[in-house]
Every structure is written in structure tokens, then in C-alpha cells.
Amino acid sequence: MNMDLETAGMLRDSASRYAADNYGFLQRHAVLTDPAGYSAKAWRDYAELGWLALRLPEAHGGLDADPLAVGALMEVVGSRLLMEPILASALIATGLLRSQGSAAQQAAWLPQLADGSVKLAFADAEPAGSSPCQVRAGRISGRKIAVLHGDIADRLIVSAADADHGGERRLFLVDARSDELEALRYRLVDGRGAANLHFAGVPAERLDPEDGTPAQAAVADVLDHATVASCAEALGIVRALVATTCEYLKIRKQFGRAIGTNQALQHRAVDMFLLQEEIAALTRAAQAALLLPVAERARIVSGAKAYVCTAARKVANEAVQMHGGLGITEELDVSHYFRRLMVNAALFGSRDEHFARFLAATTHSTPEGIPA
Amino acid sequence: MNMDLETAGMLRDSASRYAADNYGFLQRHAVLTDPAGYSAKAWRDYAELGWLALRLPEAHGGLDADPLAVGALMEVVGSRLLMEPILASALIATGLLRSQGSAAQQAAWLPQLADGSVKLAFADAEPAGSSPCQVRAGRISGRKIAVLHGDIADRLIVSAADADHGGERRLFLVDARSDELEALRYRLVDGRGAANLHFAGVPAERLDPEDGTPAQAAVADVLDHATVASCAEALGIVRALVATTCEYLKIRKQFGRAIGTNQALQHRAVDMFLLQEEIAALTRAAQAALLLPVAERARIVSGAKAYVCTAARKVANEAVQMHGGLGITEELDVSHYFRRLMVNAALFGSRDEHFARFLAATTHSTPEGIPA
Amino acid sequence: MTDPLDEARDKARRLRADIRSFHERVMPDDLKRKSHLHQVLGKDDYVRWMRLLNDQGWAIGHWPKEHGGQGWSLLERFTFEDELARLGCPWVIPFGVKYVGPVIYAFGSEAQKRRFLPRIATTEDFWAQGYSEPGAGSDLAALRTEAIRGEANEGDHYVVNGQKVWTTYAQWADWLFCLVKTARGEQAQKSISFVLIDMKSPGVTVKPIPTMDGYVHVNEVWLENVRVPAENLVGAEGEGWTYAKYLLKNERTAGALLGMACHALERLKALARENPSASPERTAGRIGELELRLLALEVASYQAVESMMRGTDHGGEASLIKLRGTELYQDIAEAAIDLLGLAGVAWDPAALHAASAPPLGPEDAGGIVKDHFYNRAATIFGGASEIQRNIVAKGVLGL
Amino acid sequence: MTDPLDEARDKARRLRADIRSFHERVMPDDLKRKSHLHQVLGKDDYVRWMRLLNDQGWAIGHWPKEHGGQGWSLLERFTFEDELARLGCPWVIPFGVKYVGPVIYAFGSEAQKRRFLPRIATTEDFWAQGYSEPGAGSDLAALRTEAIRGEANEGDHYVVNGQKVWTTYAQWADWLFCLVKTARGEQAQKSISFVLIDMKSPGVTVKPIPTMDGYVHVNEVWLENVRVPAENLVGAEGEGWTYAKYLLKNERTAGALLGMACHALERLKALARENPSASPERTAGRIGELELRLLALEVASYQAVESMMRGTDHGGEASLIKLRGTELYQDIAEAAIDLLGLAGVAWDPAALHAASAPPLGPEDAGGIVKDHFYNRAATIFGGASEIQRNIVAKGVLGL
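Those protein sequence lines, which keep their order, are chains A, B, C and D. For the first sequence, position 96 (counting from the first letter as 1) is numbered 96 according to my numbering, and the numbering increases by one without interruption. With positions in the second sequence counted from 1, the corresponding number in my numbering is that position plus 372. With positions in the third sequence counted from 1, the corresponding number in my numbering is that position plus 744. With positions in the fourth sequence counted from 1, the corresponding number in my numbering is that position plus 1143.
Wrong hints could be hidden among the right ones.
[Said to hold, decoys possible] In silico DSS-like pairs for lysine-lysine, Cα to Cα no more than 27 Å straight-line:
(1) D/Lys1537 with A/Lys253
(2) A/Lys253 with C/Lys951
(3) B/Lys625 with D/Lys1350
(4) A/Lys253 with C/Lys989
(5) A/Lys253 with C/Lys925
(6) B/Lys625 with D/Lys1412
(7) D/Lys1177 with D/Lys1388
(8) A/Lys250 with D/Lys1537
(9) D/Lys1333 with A/Lys314
(10) D/Lys1412 with B/Lys686
(11) A/Lys314 with C/Lys1013
(12) C/Lys1138 with B/Lys686
Please keep in mind that the hints were generated in silico from the structure rather than gathered at the bench. Bear in mind that the values here come from a model prediction, so they are computed numbers and not experimental data.
Please work from the sequences and hints to get the whole structure.
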């Protein structure tokens, strides 16, 4: 059950180098202000770097990377705030396709995911009070909201009741450019895109897992992976915030000396650092927990997410505060990290939901912190 | 509805002077180590100073003092940690006697309360699972616990079901030295005494209010007054802790300079001070609220108590911490303040109970902070 | 014994009632709606708002009667802003009526009074404040903007060079009141003067500083060889620090976010009712703690105002009110964001200011998100929390 | 790829199982009961406890095999204390086996090793630590206790004068290991030596410092013209600071209260079940937050240990573990006091150490209260929280 430190380390190094060269603050600014909301060139680069094949089975030419390696990449994604749908397409949708696609479906789609020619998004949440999405006679009807990267996805994986087969909840593959699909596209506060979708009888291809894994179980599993990946992304952000804040404390002068000589600010910087280290430890433990069956991992995965949400917010608030007026401007990366963390916290279940799941799963026996 | 600033100010001044002269740390130490747990001499002094007649009606030679004046005295009680049953006897029991005693009972007992010849305690709480206290044929049976100053009280006011009159809950006056009364006497963590009482058919005199005020209403009213008085006591303690901590920060040297030159400690001292000021403001507002009917005062009285509990604890924790090792020793007043606050927080309803009462009473309309 | 504050309390109570009635009957629906949705107001909106207030005699209610005001007590003044904010009304732009106006009537020349005060009352002139500079935010002694008295042949004027920053709504301003250095090498506080600069003067450049809510509230103001007539010096040269302190003393309660916090908390409670969350007890407990902190802020604020009026204040009250109010307001905003869930992040800052409905959540979701962003500045601007704590540590605790 | 730590993990897992079995089968019931009720243990109890551990080979399990130990890895060492604490076992008194023992086997003479090590392993000698002085708590450079090398005609010895403070269990100690100044005027760190002082020596006086739990854990130790044979100097003169740092490095995880926090939290959860409070949801939420912090502490602690073993530690781990562990442990204790209600205050500290039942509440109420009191010291002793933050600020963040 050991994870592969070496692969993770190599991935972290190469991703950091790429992002440092290609995704600096100003380079990112160009992506942010581009109407597309992402960089098609960067997306091609990711494919070349193998990032989009990270979760693909080795049989399909992928790396079949473990959560540690995925986390290494996601930390870099966080540290430079990459805008492309790595999480939505290369991790979540790819994971669903691996688990729920038939051999033929995998053979058809996985290569296109790996080479970047298809961007997938997962449409799951539905607006309160609307009738649930349903597939009848191979066509899907209903509404989905807040589909991350649903604005630029080529195809969608959509959860819906399969009225053709007794109403069981299943996953379906849908062409995002279908005429019967109406999309309200918008940006999130961190600049990434999303969409609310209205399906009015869109042709839908059902995913048919060879091993009959229920769709609900597959979704739960993939969302746990996504949750932990978002913790790693938060870790990357938090490390960047702690580093930039410490740097600012050394540079910025007030009343004739660096503000970092003030003990009150020093101690608060230390508290930020401690939170960073806890986020790192919990993320690492949650990555290890992903190798366990779903039931046994709930406590650590949800505990990590709940703790990371609160801790990362504290770090972001302090980073803004210690940068003074600069902290709230568009012109400094701090406010961008702040906004990305907001989105992160709202994705894949709220802090309260994960806290409740953590508590429900809590019984104390052996220490769980010992990485397997 | 204005309270009398002048009387309160005079009382505060004279009480402060008395306590400074007669209740210094070493003088108090003698009281603390005395088996009686209180100073009979101080008690006589309080009677002479008029403190024990503070809540007596003017018709009985009392001051009929308003909550502001009571608070002024209680602040001094807190600032010097007086050990005598001012709160239990002169405020709570006296208040109950005023409200529930017949004219004859008031005439019989109030003078003895005022001159200090009788110390009263109020026995209300009962152990979980025991059958409730009951009076039958004029004799009381049952158990009471945690009776504040029940160890030294001459008489007790006891709440019990009046089986002679349909089981209504009423208050009774009982001789604390009765043969049929078994007492387990003990000290609380702050050195004040208390008792668990077992009544085995103790003769009990029923209090018979002229105006028929139900006992429950009278108890609720008096406990509100006691709650606010305990906030004032906490304020006195907190002021002492903030002052002594600031003093220590100026005196204590480490690494060649006063530790108070460290900005981190300065900012924490400021936070202690801010809590002190909030405790003062809430206590003041709660005092004014006591002039309102019970239903209208619940929000502020319980809000104050809930906030004061938490705020005072933070101050005490910080005071201990900033005094370093000295903070946890018997030999410094800080640890004594710490322990008194613990007892205070546990009396008259927990933080959670008051918080719940505050919330239940909360509806926002006009600002309530404007003192009437 | 009659409390000498009783009269002020009565007046404040009446003022509060009048404001409610004004809000119900006089305030135009479109302005109410914009304000209710926390949409960004433009200059036109603000000017209209300030004039509405002035029509009631309130815009300069705190000015002495001799200058056209109502001579409000501090309690009335505090109540005025508190109640407006509780009702969710727009910000009372302070730069003219609250900041520079009183400095002019207290220290200005008769000509300055005649020229500026009437136009301040009616917001015919829109004012901005030129205090902060890069490197001199909380530390005014580090000011570097210089005003050099011109040569005789150039007339009686100053030539001003320097850069101001964080200047709120400078993009709309007609005038800038400005702290400048009029002497070199001297003790910092004796070298600072208070001048009034026409924003149309050649050499004045305003550069917006977009904030993370996607809007421009604050600006850099560059002053390059700006000629300022000597008659625009307020009071005496080298006394600018004194006037700034006077202004600050008038504004001791300016950092209070009591009314705004109260309004935001009411909205939060409504949100909780609208969106029953996965953990209603946790939400109720969290809101309850905010409610309790609001009670503490409320009683502390009003008692602070009364202490100031009695002259029994210890000097730390303004810091207390600002620290607690800003922390509380920010925490209420965070709770609202959490309750909104995805609706709290589904909004491009660049689109936050459009009047269109947000893609998810209630109609005011965008306004709530916007406020959450900009109000991170509440603990930074107007004397950062760190500075407030320094002030109390030194000034009150003697550390 | 095999992880080089796999073997250590396996061993630690086996050790943990052995400890549980020991606790279940070997540990005497009376000691278990005392410990379970958090009663104060006397010297006899502790000596018995340490010998029980030594019988298992555990008291000096962390010593190298050549000195009779088992050569435990850091992970085993950490696991050992963690698991004992989780089971609610008594404190493993560190002064002999953990503090002075390793200094003696690393830097002591052969004679010292022969004389002291066996008696340390069996706790035949009870040791105390003489570091802190009044005015030199966290600041060892301010040490003032002096050791002057005696004249030749008085034999080869030092004369020690000074005062130590906060000396834990000095009232029971046979020996004191002590930092003293052996040179004046030199750079502080070069003037400090490490000496072993027989507590029976004339001139040694122990004065108890009662703490607010009504007990004596700590003492002042006065040293007046105490003759210390030169053979009791460890290593070289002026190298005391080096040895103290070595000791400290060995004890990097000593501040961890993980196991104690875990045990206290289990007790807290039981208390909550026994006394359903007025607000069970609030209590559940509060306990849940503590549980979550415990999880964070747990994973951070074990990962810190592994980083130290891999040599990838940044140096701030010990501070993190101590800060978080002590804060958490104190907060758990506060929650327990709140749950106990009146039972949490109905106990005279002077009576807390009696074996009698408390007047209110569960049988262990007194122990819970006592621990709450004494554990306020957790954030003060052994490097106060403020010092820990200073260390991280300078050492890790470079501020």
C-alpha cells in the first residue's frame, strides 16, 4: 500500500518547472482575460507532458498514477492557479469513465482524453425544486447547475435516472454542442468557467461498466479522489501564500523598519505556517486513505477536507491582511489565491457536510496518522 | 428608569478603600486557610458598612439599592475575592425573603440579615435521579446539592413541593442546625464553601408572600439579579487580571528587556483589555435590563452572562500564560482569580444554558444597547 | 437624579424614528432596491442620495447651527449612521460633509467657508481625501508629497509633487483635500500642511486600482507640478497635522460597522431560513455566536459614545469599536458565503456589478459576494487592526 | 519501491500491540485505577511504574544496545509514549532515562557510565533537572548559578552557588543534573558546564512551589556553597550548552501531548454521554471540532517523526507538535470542566489528592479538575508557546 515517492517527486519537479516558465502571474493574466477562460496552448502542453494521462490505466498508455502523484500535480496547479480543466476532465471525468465505461467506451474516449482533444466535464448537481434529470428512449431531459468547466467542455458525463431501465441512476455521455442543450455559461469568482445546463431531449449514451459497479459507488469514489485533489490544490495555494507573505514581511518597511520585525506579525506568520504544515499532513494522510475501501477512508478524507477548508481560509485572510491594501487588489496574486480557495471550499461538499461525515465515521482505536 | 450613578460611585469608592485596607492578598490568605472559610470580622464590618442592607427595602432601614449599586459592590468583591456570603445571603436570600416573605417574616428576618447575625443560603439544585424535595406536615425531606455557603449558613431557604397544599413548589425557611439535617460540607475550587444537604423531616416554615407572587417567578427574578451580580464580580476580577498582567509585562525582563516590549504580547494584552471593556459594557446593559420585566430582560441578561463567561475565561487563560510559571502557583493572585472565575461560570446556569436563552429571546428591532 | 444625557437620548430616539419614516416614505424605490441588493452605486446615485439626506437637513446635521447644521450631539450623529446602515441604506460619503467640511469651518478662512461649505452641503463638489502614500499608509510621518511655495513671479501658489494612494472615489472627485510637506528636514509633524486641490488642475492624474471585487473604489492620485493657489492652504502652514487630528477626533466613531453588521446579520438569518443547510444546528449555533457578538458591539458602541460625551472615555473606545465591528462584519460575510454554497462562488467579479440576476442563488447573491470581497479591506483601511492595537497598547495600557 | 521506513513501522506496530497487552495483563490494578482516576501518584508509585517498564525492557528502550537499550528508532520511541498515554498510563518520568542517561552515555566518562547508567535504568536514583533559574526561564544565556573550581588544598571539586526554579519533583530527587557557569565574562554559551549534583550534599535546599491544583510538582532548589566533586563534571568544561542541545534534540518530540489528548478526548466523549447537557448539539459540535484537531495533530505528529527519520524535517516540527498538542489538550480539559458543571468546581484543591469520592459528579471528577489546573502549565513549561513561535519565526521562516 506504499505510494510511489519517486514518481510523485519527478512529477512535482517537472510540473513546477513548466508552470514557473509558462504560468507566471502575467502569463496567467492573459489567460484570465481571454474570453475562453483557459489556454488551449497550455492544454496541449499538459497533454504532451502526460498530465492528462495521469489517471489512465497503463493498458491505455496512462501512468495509472497513485494519489500522491496526483497530489503533486495538484499542488502545482494550486501554486500557479492553472485555469485549465485538469481536475474536471483529467481527474474526475476520466475517473468516471475508467470506472463506468465499457471496454469499448474506454477504448473510444480515453485516448482522446489523454491527448487533450476532448475536454470532459461532469454534470451532477441539480437545482433545488426541479424534477430530476431523466433519460427516456435514449434522450436526456432536465437541468444541471454549476458544472465546473461546463462552459468549455466538449462532452459531458451526466448523472440521470434511466427510465428505460427501471429508473436506476446511471451516468451518460452527452455531446456538449447538441442543439437540444441550452447552456448558461459564466465565470466563477476565481475566473474558471462553469455552466448551468438545460437538457431538452439530448441524445445520451449510457456508460456500461463491465463489472457492474453501481454508478453511485463510482461517483462517491471519484468525488473522494477529487476532494483529496482539492486539498492538494489548497496546499499549493497555501504554500504560495505563506511564502509570499513572509517575503513581504521582510521587504515592506513601516516606521523605518521591516514590518516583519514586529513580533505580533511574526507570530501570526508562524500560525500561518503551522496551518500549512497541518494541511500538508492531512492531505498526505488523505492520499494514503484513498487506497482503502470507501467506507474506511471517509473519516480521514472528510476530516482532511473539513480541516483544510477552515485552515486555508485563515491563511488566506491573514495573507490579505498582512499585505495591507495591496492584498485586496487585482494586481497582486494574493487576492487571486484568496478567490480560488473560496471556490475550492465550495466544491465537492461543504465544510459542514464533510465535518458531519467525519464525525459519523469517527471511532477511536488505532492511530490513523501512520502513513501506510 | 435611570439608575443612581452617585450612590453606585460612593459605594464603589468606600468598598474599594475598605477592601484595599482589609482584604489584601495576605489578609485573604489567612481567611482562606481558616477552617471556617470566611472572616467573621469582615462579615461584621460589612454589616456596619451597610453592605448587607443593600437590597433591603427602605422601610426596613435598607438602601433598596439598584443593580448599578449592587454591581459596584460586586466588582469590589471580585477585585479582592472576598470570601464571605455577600452574594448568597445579602443578595439572593435577602431578595427571596423580600419577595416571598410575609410582612411578619420580613419583619422577623430582615433586620437579622442586615446586622449580619444571620447568614442565609439558598438550597435549590437537587441531585439527578433523586426524588424531589417535599414538605409534608410542615417537615421537609429530600436532598439538595452544591448549596453555595451552605457550609456556614445559619438558616436556609429551600425550594420544595408543598404536599400540604396541593404540591405547589414553594420556598421554606429551615434551621441549618437542625438534627434532622445531614450536611456534607466542602470547599469549592476557589475556597468558598458549599454543602450537599440531606433533609430527613426537618421542620420548615413556609414563606407566604403577601401579594401571592409564585415562588418560581420570584426565584427566576432573583437568579437574574444574581446572574448580573456575578457578571459584575467577573468584571472586577477581569479588571484586576488585566491590570496585574500589564504591570507584569512592564516589570518582567527576558533577553535583557521588559517582555512588554514584545509586540505580540502587547497585542494580546490589548485583546484582554477589549474583552474587559466588553464585559463592562454588557454588565452595565444587563444591570439596566434588570429594571425591565423578566420577559424583556432575558435577552440581555443571558447574553451578558454567556459572553462574560467566555470572555472572562480568555482573559484568565491569557493572564496565567503571560505570567509564565508564576501564573499557575498558589503564591500569586492570578491563579486565585482564575479559580474564582471557574466557579462563577458554573453558578446560576451554564454558558450553554444562557446562550440558549439569549437565542430564544432574540429578535432584532431597536438597538438595545442604549442605556435607559 | 436626572442624567444630563437624557435630552440627547430623547433627540436620538426621535431622529431614529424620523429616519425610519424617511426610509419608508421618502427614499425612492429604485435606490432602495439597488441598495438592498448591494449593487454598486455610481456617482449619480451617491450624489442623489447625499442630496436626499441634505433635503432632510441630515447631510450636515452634525455641523454647528451657525454653519447651517443642526448641532447634533455625538449620540445623534452616531445614531444617524447606525440607523441608516441598519436599514441597508447607501454609504454616507464622508469626504465632504464629515471630513473636510468641519476642518474648513473650524480652521478655514472666511473666503474658504463661503466658497466651499455650501457646495459641500449639497454635494455640488465631490471631495476625496489625499492622505495615504505608498510607504506611508499608517505612518503619516513618512509622507513625501511636497508643496513648494512658488517664486514671486509665478504668483502666490504652491507647486505640489508626489503620489497619493488608496484614494477612494478619486475618479469622481472635484476636489482633493491633501496633506503635503511644506518644509524639509523639520520634525515631521511640524512640516505638514493641509491644502485643497482642484482635481481639474493640470498635473493631476488618477489611476484606478481595481480591487478583487472587480470594481474601482480606490485610486492612485499622481501630482506632478500641480499649481495650488496659496489661498487653498487651510489655516497655517505646518499645522496640517493638527487639523488632521481634529478631523480624526471628530471621526472617532467612524470605524463603527454596527449598523452594517446588524443589517448583514438579518440578511444572514434570512438566508439560513431560505436554505436549510446540511447541519441546521451548526448554522444556528454559528449565527447565534455572531448575534451575541453583535449584542456586545452594540452595547459597547453606545456606551462608548456616552463616555465620550461625558468625557469619561479612556481613549481606546474608537479602536474597540473599529476592531470588533470590522471583525464581526467580516465573519458575518463569511458565514453568508458558506450558506450560499456554490451560489457564493458562481459569479465573475467582472460581472458582479451588472444588474442581471446571478446564475445561482438569491437575487442579492452577487451583492453579498461583492461585499465579502471588498470588506476584507475593513480591517486594513482607516487605521489597520494592527495599528489600532498598537494605539491601545501604547495610549491606554502604557506598554 | 520499498520505503526504508517500512521496517521501523512494523516494529512500532508490534511495540504498540505489546504495550496494550502489557496494560491489560501486567499492569497492577491499583496502579491502573489510580492512573485512571487521574489521582496524584507518589514517588513510590512512580518508582514502581518505572521499574515495571524496565522489566519489559522499555524504560531504556531508546538507549543503544551497547548500553543495555533496544536501540529504538524515533518512531518506536514516539509510539511508546503515545500508546502509554492513550491507555491512560502514568507519566514516564524522563529526567533519568530520557534526559541525563543519554548525556552520560554520549559524553560521560567510563566511570560515570558505570556508576550512573545502571541505577538510572532501574530508577534506583531519582533524577531532577536543574536548568531554569529566576530570570532565566527561556533565556539560558542569563544563567547565574556559578561553579567555582576549588583550591587545590580542598581537593578537586567545584563550589556551586545559585538558585534553580521550576524543578520538577526535586523533593524526591537523589541527583540533580545541572547547568552552571564555570567561567565569567565569556560568551554565555561557552561558559556553561553540565554537572551532576548529589541532592544530599550540604547546602542543597529544596523549597516547594505549590501550584493551583494544591499539589507540589515543582520546586526551587537553592545551592549554597555546594561542593561538587570534579569527577561529576560531564564531558568538558564550557561544553554544557552542547550537551543540553544534544539532549534537546533527542527530545524533539517530548512536547507531544497526542496520546494524553487522545485519552482525555475519549473521557470527554464518555462524559458527554453520561451527562446529556442542555444543548447536546452544541456539545457534539464542540467535541467534534476537538476530534478534528486531534486528527490533525495525529497525522502531523507521525509525519513529523518520519520526516525526522528521513532527514527531511525543516526544524519546526517539534514546535508544531508542542503548540498544537498543548492547546488541544487544554481545550479538551476546558470542555470537560464545562460538561462537569458544578461538579467541575466543587472540589477544594487541597482535597483533590485524597482518594475519597468527590462531593459531586463522577468518581474521576477531582482528577479531571486537577489536570485542568496543572495543565495550564503545558503551554508554559518546556519552552513556552511564545518561545516556540519565536523559534519557528527565526529558524524556519527567517523573520
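Hints versus structure:
1. D/Lys1537 with A/Lys253: Cα-Cα ~18 Å, so holds.
2. A/Lys253 with C/Lys951: Roughly 24 Å separates the two Cα atoms, so the pair holds.
3. B/Lys625 with D/Lys1350: holds (23 Å)
4. A/Lys253 with C/Lys989: Holds, at roughly 24 Å.
5. A/Lys253 with C/Lys925: Roughly 20 Å between the alpha carbons, so the hint for lysine 253 of chain A and lysine 925 of chain C holds.
6. B/Lys625 with D/Lys1412: Roughly 42 Å separates the two Cα atoms, so the pair is violated.
7. D/Lys1177 with D/Lys1388: It is violated: about 35 Å lies between the C-alpha atoms, which goes past 27 Å.
8. A/Lys250 with D/Lys1537: holds (12 Å)
9. D/Lys1333 with A/Lys314: violated (43 Å)
10. D/Lys1412 with B/Lys686: With a Cα-Cα distance of about 23 Å, the restraint between lysine 1412 of chain D and lysine 686 of chain B holds, given a limit of 27 Å.
11. A/Lys314 with C/Lys1013: holds (23 Å)
12. C/Lys1138 with B/Lys686: Holds - the C-alpha atoms of lysine 686 of chain B and lysine 1138 of chain C are around 22 Å apart, at most 27 Å.
Going through the hint list in order, the structure does not satisfy hints 6, 7, 9.
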